[in-house]
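Trainee: Sequence:
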Amino acid sequence: MKTAESHALAAVRLSKIKQKSFFIDEVLTAENWDDSHFTSFPFSVSSDNVSFNIICIKSDTDKTLFRISSRDIIGSCDVSVKIFIKNIHPEKNVEISNNFTFSRWHRDILIDAQIPASELNENSGYIVNHKFTFQIKLTHYSHRNKLASQPDVVPYVGLRNQGATCYMNSVLQAMFHIPGFQRIIYEMNTSSEKSNDKNIALNLQRLFAKMRLGSKACSTKALTRSFGWTEENTFVEHDVQEFCNELIINISSKIPNDGLSILRGHYKSIFKCRNVDYQSSKLEEFYDLPIQVKDFSRLEDALATLIKPVPLIGENQYNAGRYGLQDADLCYQFIDLPPILRLHLKRFLYNNETYRNEKLNSFFSFPVELDMSSVINKPGQLYELVSVLVHSGTSVSGHYLAYIRPTTENQWYEFDDSKVTKVPSTQAIENNFGTLDSENRIFSAYLLMYVRKKDIKQLFKPIQNEEIPTSVMNYIEEHIRKREDKRISDLEAKNTVEISLTLPSDIIHNAISGNLSLNSNHNLVSVKSDDTFNKIYHKVAEHLKTDIESITLWVIVDDHLKERLVRTDSLNVNDLDYNLSLYVQDASDDTDNDYLVFIFTYFPEFKPPLRFMFSYMMNRRDSFASILSTYQHISKMANSNDLKSENDLKNNFTVYIKNSDGILEKVEDLDDSLTEFEANNGSMIIIQPVNSDSIQLPEITYKTTFKNHYDYHEHYLTTYPHDVLQYMRDTNDKSNLKISDSPTFKKAPTFSFPSRINFGEFKKFVAACFNLDYNPEKHTILFFQPNSLSPVIVEDHVLMYRMMIRPKNEIISELSFVFFSDPSLFQLPNVYRVVAYISTSAIENQEEKYIILSQKSTVRDALRAVINNGWLTAKLHQIRLLQLSKSNHEIEEIIGFDIPINKINNPVRIELVPEDQLFLDENDRLIKVVYYSKCSSIKFNFMLKLIENETFLETKERIKNILKLSTEQINSIKFTLESDEKKGRTLREKNKLVDLFVEPSLMIVMKEDKISEQSIYYNDFEEAIKFYN
1 MKTAESHALA AVRLSKIKQK SFFIDEVLTA ENWDDSHFTS FPFSVSSDNV SFNIICIKSD
61 TDKTLFRISS RDIIGSCDVS VKIFIKNIHP EKNVEISNNF TFSRWHRDIL IDAQIPASEL
121 NENSGYIVNH KFTFQIKLTH YSHRNKLASQ PDVVPYVGLR NQGATCYMNS VLQAMFHIPG
181 FQRIIYEMNT SSEKSNDKNI ALNLQRLFAK MRLGSKACST KALTRSFGWT EENTFVEHDV
241 QEFCNELIIN ISSKIPNDGL SILRGHYKSI FKCRNVDYQS SKLEEFYDLP IQVKDFSRLE
301 DALATLIKPV PLIGENQYNA GRYGLQDADL CYQFIDLPPI LRLHLKRFLY NNETYRNEKL
361 NSFFSFPVEL DMSSVINKPG QLYELVSVLV HSGTSVSGHY LAYIRPTTEN QWYEFDDSKV
421 TKVPSTQAIE NNFGTLDSEN RIFSAYLLMY VRKKDIKQLF KPIQNEEIPT SVMNYIEEHI
481 RKREDKRISD LEAKNTVEIS LTLPSDIIHN AISGNLSLNS NHNLVSVKSD DTFNKIYHKV
541 AEHLKTDIES ITLWVIVDDH LKERLVRTDS LNVNDLDYNL SLYVQDASDD TDNDYLVFIF
601 TYFPEFKPPL RFMFSYMMNR RDSFASILST YQHISKMANS NDLKSENDLK NNFTVYIKNS
661 DGILEKVEDL DDSLTEFEAN NGSMIIIQPV NSDSIQLPEI TYKTTFKNHY DYHEHYLTTY
721 PHDVLQYMRD TNDKSNLKIS DSPTFKKAPT FSFPSRINFG EFKKFVAACF NLDYNPEKHT
781 ILFFQPNSLS PVIVEDHVLM YRMMIRPKNE IISELSFVFF SDPSLFQLPN VYRVVAYIST
841 SAIENQEEKY IILSQKSTVR DALRAVINNG WLTAKLHQIR LLQLSKSNHE IEEIIGFDIP
901 INKINNPVRI ELVPEDQLFL DENDRLIKVV YYSKCSSIKF NFMLKLIENE TFLETKERIK
961 NILKLSTEQI NSIKFTLESD EKKGRTLREK NKLVDLFVEP SLMIVMKEDK ISEQSIYYND
1021 FEEAIKFYN
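So the sequence shown is numbered by full-length UniProt numbering: it starts at 1 and just counts up by one.
Don't read these hints as lab results, they were simulated from the structure.
Keep in mind it's a predicted model, so treat the numbers as computed, not measured.
Mixed in with the good hints, there may be bad ones.
With a straight-line Cα cutoff of 27 Å, these simulated DSSO-like cross-link-like pairs (lysine-lysine) come out [as the list claims (entries may be wrong)]:
(1) LYS422 to LYS216
(2) LYS539 to LYS562
(3) LYS734 to LYS666
(4) LYS461 to LYS378
(5) LYS294 to LYS268
(6) LYS562 to LYS607
(7) LYS939 to LYS974
Could you build all of it, start to finish, from the sequences and the hints given here?
Mentor: Right, dumping it as structure tokens:
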């Protein structure tokens, strides 16, 4: 089913100027944007005929997209695209830019404008008087001239993005380009009981070796597989700082001689009480330092927050042992800083009022040379900047890239996934400070890496190939060899052509399905593009295990025979201007006649009624009547001796031919020839006897459909139309529907049927396939669309192709039905069908059931029906109905008893009410709890009663008991407080849910994703990343 989209089309014709650049700048306006009209804006410039179409799409997935395409480019054409989306408020203008290469193989690109389509309205300022205006700039130049403007060749390789792995690529590049870190990776002990594909240390070594020795962007798939990640995991965005910490934790045990000391520093946490003589301290380590961005504009000033005392007062008092809870100050005293210093700029902050993360792109400068003496009172604390990891986007989504200085020289490079570019230092540093107008800037530095100046010589000591483990070098050499073999194999594959062979058995199979066609994909033969026709004959004969002299090959084009393929060595596959498909004829049937036709017969009394009989060689001017004697002989007509003359034959048969337009028509005069019908070679002719009683045909197996598939002709019809034209219309114009007798469609069979049968006949077809004793005068079948309350109301005489198109041009693809043996139970079709999950546990959706109710029913009636059917054993006040969402069947709300049934939506859940929720007063509050499994599906979903003054530690214990979880299981779950539109905050054990419950849509979200242990600077509101191996 096609999705509805609103399009505005601007067709821009560009000239293809050889060895010259061309610039075009147009302001385009899409009229009636809000009304979803499709409008065209053509523009042209003189010169060659190279055409580009620009389509602005307002998609039903709430995206604003630009599709740029060309259909007449020969060779390659490079285009630089810049799109400006204008707003009445200039600060909200949006600019998108990128470079693309168009060729005959890549003629379409799709650009996401990063503006939700729902925001394109009058209120947002993007739409003015129902007009959407955007400016497009295209720089178009010859591919041949591309070499003159190529950027400098860089000595480094990129990393391919697997979907959303830019964060990982940026971290790996930054760490790799510090030789000292690269060296400790090569020194790791990679021995493991696990297989190589689960060995993180080994795959990290291999990746670094590929990055060092390779010449093209490297794949990270082997590394992410060793993490235990699936393809789904690689499409989840994560944080660079979080990934870096998780990677270090994972490989720490593999690095010998305390190699990680180059990344690790130490500080002392000192707790000093204000009112009693008590002090304690603890030595701790760190791998990065969090830097507060808010309220600061310089890194040098923000460093002071690292050693600023933190007051522990009020609810945060310090437990001073025998002195109890005391007001105190927490101070941090740095003992030593690491040679490689990572600074995490805290640009993501949690807003307690909006319950969501927000990103700061405010101006925050950082120096190339950083003096850390204000943090630690030791000499030699000067650092040099070597990496700037940048985040572009919002707090919800975005993109990471890295600017890196790979050597001691002041030359910077941009590492943007696969692409590596030489850039000036201003682009790497000053350009990423952010801006004073933070709302108009979406990119800024997020993670900085500094190297201590006194350690630079050692850390940037060049790596020698001899330092790479021999086993890794052997692996790389094998990898290179396999890649070269694949390259050669790919070249050979490009020189290989697949030929499709059609045999008489294929035509027999097609006819059983009611299809007059030479198409077949059952037999494929591979040939080289320079193979001669004679070589093709040899390969086909070898494939069919027959003698070359026993076959004649015919070329199939557009489902007709174009010509015989001549056995010669003077022509080859390259001489053909069409894809090669061949019909294989028995050479003994080949004659000097020019035309090969295919003869079928139609018997309404047989099953299947259409059969392929034989192929026949004839001249173009031979009459149709000349075929009948051969047909009479092959069909073994019992009374064939009674037909003495050609006139007797003509009076006993009706003949049809598939004409050059592919349409089947009746031959009125059998003395006509193929010439009168402008018939092609390979024409299909159907002969229908007037009387089939004397026909003797062998029985054949009639099975054309797949498992769990019902076909109208194969499984239901017992007699076929006498008119062959009607039969061919029915079999070649079929519709498909999934039909289920239960709420779920998971194993529902597919029904194929002629689009022009009526709805009454369709009901009989469905009833027969489901083995229902259906009598239209006594019984009723009601059909429902998925999750629909009301049945599909259609009169029995309505044709199915009309029935399947609903209001708003929605096309039905799935239906479920309810069979009523006694329709007097309801005044049909004035009924509603409720799809309900019956839950005895009140923590999950369990068995699915249908509840049939009259249109005047209420929720109370639905609950009574559940009790009367014995699905729940309870009194009415002990059960309740909950509205579920259509998408993931998550609880939305509890529905009251007196709500009319037509006010709810399918599906719902009807459950036993937990004892503590049976009698609630107006002050009691319930909160929804959603428990997600590791694969993000809902495991449990239930309502929880809030208890006054209960801490979350106590709430968590109640949840543990309700779900019957072990202590280990409950401790491995991350709890957040979220709403439908706001990303949540992590729940802490001292929180009181009653105090946090400020809006009804808040819910507790549980995720099976244990947070990795980190330093005291861990951000409470970041999603955790997980390595499963």
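Trainee: Would the pair LYS939 and LYS974 pass a check requiring their Cα atoms to be no farther apart than 27 Å?
Mentor: holds, 14 Å
Trainee: Could you grab the alpha-carbon distance between LYS461 and LYS378 and see if it respects the 27 Å cut-off?
Mentor: Answer holds: LYS461 to LYS378 is near 25 Å, not above 27 Å.
Trainee: Taken at face value, is the distance from the CA of LYS607 to the CA of LYS562 at most 27 Å?
Mentor: Violated - the C-alpha atoms of LYS607 and LYS562 are around 33 Å apart, more than 27 Å.
Trainee: Given the hint that LYS539 pairs with LYS562, test it: the Cα-Cα distance must not exceed 27 Å.
Mentor: holds, 21 Å
Trainee: Quickly compare the C-alpha distance for LYS734 and LYS666 to 27 Å and report which way the hint goes.
Mentor: Since the Cα atoms of LYS734 and LYS666 sit roughly 23 Å apart, the hinted pair holds (cutoff 27 Å).
Trainee: Taken at face value, is the distance from the CA of LYS268 to the CA of LYS294 at most 27 Å?
Mentor: holds, 25 Å
Trainee: Checking one constraint from the list: CA of LYS422 to CA of LYS216, max 27 Å. Satisfied?
Mentor: holds, 16 Å
Violated hint: 6 only; the structure is consistent with all others.
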